[in-house]
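Colleague: If you want the building blocks of each chain, they are given just below.
Protein chains: 2
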Amino acid sequence: MPGTKKKGAQTVVFDNPLVLTAWASIVGPLEGGGPWGQDFDWIMEDYLFGEQTWEKGESKMLRETVKHALNKRNLEPADAELFVAGDLLNQLVSTNFAARELSIPFLGLYGACSTMAESLIVSSMLMDGGFFDRTVAAACSHHYTAERQFRFPTEQGVQKPPSSQWTATAAGAVLLESVGVGPRITAATIGRVVDMGQKDIADMGSAMAPAAVDTIKTHFKDMNLPTDYYDLVVTGDLGKIGMAIAQQLFIKDGVSPRPNYSDCGVLLFDDNQGALSGGSGCGCSACILCGPLLKKMLAGDIKKLLFIATGALMSPLSSFQGESIPGIAHAVVIEN
Amino acid sequence: MPGTKKKGAQTVVFDNPLVLTAWASIVGPLEGGGPWGQDFDWIMEDYLFGEQTWEKGESKMLRETVKHALNKRNLEPADAELFVAGDLLNQLVSTNFAARELSIPFLGLYGACSTMAESLIVSSMLMDGGFFDRTVAAACSHHYTAERQFRFPTEQGVQKPPSSQWTATAAGAVLLESVGVGPRITAATIGRVVDMGQKDIADMGSAMAPAAVDTIKTHFKDMNLPTDYYDLVVTGDLGKIGMAIAQQLFIKDGVSPRPNYSDCGVLLFDDNQGALSGGSGCGCSACILCGPLLKKMLAGDIKKLLFIATGALMSPLSSFQGESIPGIAHAVVIEN
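Sequence order for the protein chains is A and B.
So for the first sequence, our numbering puts the first residue at 278; every next one is plus one.
So for the second sequence, our numbering puts the first residue at 278; every next one is plus one.
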C-alpha cells in the first residue's frame with residue numbers, strides 16, 4: 278500500500294492511518310434475531326427503546342451507541358473533539374437530537390445509506406489533516422421511522438414487492454483516534470453520483486448498484502491494486518437484486534473483487550426473516566461494520582477490508598415528480 | 278493571526294490558507310429587488326427557473342451557481358475535485374440532483390441554514406490537509422419548496438406572525454483553491470448543538486441566537502482575539518428578533534463584536550418587502566456572502582470577516598412530537 282496522497286484522484290491515501298480504537302452497535306429485535314445477533318453490543322427489546330415515539334427511540338439508539346463506543350475506552354462524550362454522523366430522517370433529526378445530548382462539536386452529513394462510509398471518510402481526512410485526534414463517526418436508521426417517512430403509514434400494512442428491502446433498525450459508531458491499537462483506515466474513495474435512470478422506489482438495490490461498481494472500479498484503478506487485494510469487499514445495502522446486478526457489472530467491467538465479495542444488506546437477515554431482497558438503511562452497513570466485520574478484523578479473520586456504503590439519493594418528492602433515483606457510493610479501506 | 282493548528286479546541290487555524298478564487302450567487306426576484314440586487318450574479322425572472330417544479334428549479338439554481346463560479350475561472354465541473362454542499366429539502370434532493378448533473382465527487386451535508394459555513398469548513402479542512410487543490414462549497418434554499426415542506430401548502434396563503442422569517446430563494450457557491458488570488462479562509466470554529474428550549478417554529482431566530490453566540494464566544498476565546506479584531510462579524514439568518522437576542526447575549530457574555538456586527542437575514546431584504554423578521558434559509562447567508570460581502574472584500578472595504586452561518590436543526594416531525602428547536606452555528610474566518 279503506497280504511503281502517499283494521490284491528489285486529483287477520487288482516492289485519498291492516508292499518511293497517518295487513523296485507528297479504530299473502539300466501536301459499538303445497537304440493533305432492533307429483528308436484526309438481533311438474524312445471523313449476526315451475537316456480534317452486536319445491544320439488542321433492543323422493542324422499537325421504542327423506552328421513548329414515546331419511534332423517532333425519539335432512533336435518536337436514543339444513536340446516542341447510546343456513541344456513548345457505548347466511547348465507554349469501551351473509558352471515555353465520555355466530552356472527550357471526543359468532533360461528531361460526524363447522519364441518518365435517513367428529514368432534516369437528520371435523529372442525529373441532530375443525539376448531537377444535542379452528546380454536546381460534541383458536530384458536522385451533520387446526508388448521504389442516504391452511504392452515511393457510515395461518508396462519516397468515516399470525513400472524520401479520517403480531518404484527522405489525517407492534523408485537526409483532530411479523537412472523533413466519532415456514526416450512522417443510524419430505524420425501520421418504522423423510515424417506513425412512514427419514505428413509504429406508507431405503517432398501520433396501513435402495505436404489501437411489499439420482492440425487490441424491496443427492509444430498512445434496518447440499527448446504529449453503528451466508531452471511535453477514531455490518531456494514536457492507539459486497532460484496525461486502521463488507510464485509504465478512501467469518494468464517490469460521484471451515478472444515475473442509470475432507474476425509477477422504481479421499491480428497488481433501491483438496482484438503483485445503487487452502478488454507483489457501487491463505479492466507486493469500486495475507480496478505487497482499484499486509483500490505487501493500482503489487483504482485484505484480489507482485499508480479503509473482503511463488502512457493499513452497503515444493495516440487497517440480493519442489487520448485489521446480483523453489481524456482480525454482473527463487475528464481470529462486464531473486468532473488476533470482479535476476489536476472493537470474497539458480499540453485501541451488508543444480504544448479510545444482515547436470514548432468508549426466513551421476511552426482509553425480501555435484504556436489509557437497507559444507514560444502519561445496515563453501520564451495524565454490520567461495527568458488529569461482525571470489525572470483530573472479525575480484531576480476530577484476524579479479515580485483514581484487509583474494502584467497505585463501500587451505498588446510498589439512494591432520491592426523496593419521495595423527487596420520485597413523485599418523475600425523477601429517477603441517483604446513487605452514490607463511498608469506499609473505505611480498513612486494514613489490520 | 279497565529280499559523281498553528283490548535284488541537285482539542287473547537288477552532289482550527291489553517292497552515293495553508295485556502296483561497297476563494299471565484300464565487301457566484303443566483304437569487305430569486307424578491308431577493309434581487311432588495312438592497313443588494315446589483316451584487317448578485319443572476320436574478321431569476323421567476324421561481325421555476327425554466328423548470329416544471331420549484332424543486333427542480335432550486336436544483337438548477339444550485340447547479341448553475343456552481344457552473345457560474347467555475348466559469349469565472351474558465352473551469353468546467355470536471356476540473357473540480359470535490360463538491361461539498363447541502364440544502365433544506367428532505368434528503369437534500371436539490372443538492373443531490375445538482376451533484377448528479379455536475380458529476381463531481383460529492384459529499385452531502387445537512388446543517389440546516391448553517392450549511393454554507395459547514396461546506397466551507399469541510400472543504401477548507403480537506404484542502405489544508407493536502408487532499409484536494411480545488412473544491413466547490415455551496416448551499417441553496419428556495420422559498421416555495423421550503424414553505425410547502427416545512428410549513429403549509431403555499432396555496433393556502435397562511436398569514437405569518439411577525440417573528441417569522443422569509444426563506445430566501447438563493448444559492449451561493451465558492452471555488453476554493455490551494456493556490457491563487459483572492460480572500461483566504463484562515464480559521465474556522467465548528468459549533469456544538471445548543472438548545473435553550475424554544476419551541477415556536479415561527480421564531481427560528483430566537484432558537485438559533487444562543488448557538489450563534491456560543492460559537493462566536495468560543496471562537497474569540499480559542500483564538501485569543503479581541504472582540505474588535507474583525508471589520509465585520511456577520512451571523513447567518515437570525516433575523517431582527519434573533520439578532521436582537523444575540524446582541525443581548527453578547528453584552529451578557531462580554532463578547533460584543535465591534536465595530537460592526539450584522540446578520541445576513543436582516544441585510545437581505547428591505548423593510549417594505551414583507552419579509553417580517555428577515556431572510557432565512559441556507560441560501561440567505563450563502564448569497565450575502567457570495568454577493569455583497571466577498572465583493573466588498575475584493576474591493577478592500579472589508580479586510581477581516583467572521584462569517585457565522587446558523588442552523589435550526591428541527592424537522593416538522595420533531596416539532597409535532599413536542600421537541601424544542603436545537604440550534605447550531607459554524608464560524609469561518611475570511612481575510613484579505
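It is worth saying that the hints were derived from the structure and are not from the lab.
Careful, some of the hints might be misleading.
Heads up, the list lumps identical chains together, so a pair's fine if it works in one copy or across two of them.
Said to hold, decoys possible - Below are the DSS-like pairs computed for lysine-lysine, each with C-alpha atoms no more than 30 Å apart in a straight line:
#1 K498 with K517
#2 K494 with K437
#3 K572 with K529
#4 K349 with K517
#5 K344 with K529
#6 K498 with K344
#7 K476 with K344
#8 K344 with K494
#9 K498 with K529
All values derive from a computational prediction rather than experimental measurement.
Colleague: Against each hint, give a clear statement of whether it holds in the structure.
Modeller: Consistency of the hints with the structure:
no.: 1; hint: K498 with K517; verdict: within (26 Å within a copy, 53 Å between copies)
no.: 2; hint: K494 with K437; verdict: neither (32 Å within a copy, 52 Å between copies)
no.: 3; hint: K572 with K529; verdict: neither (33 Å within a copy, 50 Å between copies)
no.: 4; hint: K349 with K517; verdict: neither (34 Å within a copy, 46 Å between copies)
no.: 5; hint: K344 with K529; verdict: neither (44 Å within a copy, 33 Å between copies)
no.: 6; hint: K498 with K344; verdict: between (38 Å within a copy, 28 Å between copies)
no.: 7; hint: K476 with K344; verdict: between (39 Å within a copy, 27 Å between copies)
no.: 8; hint: K344 with K494; verdict: between (36 Å within a copy, 27 Å between copies)
no.: 9; hint: K498 with K529; verdict: within (16 Å within a copy, 57 Å between copies)
Of the hints listed earlier, those the structure fails to meet are numbers 2, 3, 4 and 5, in rising order.
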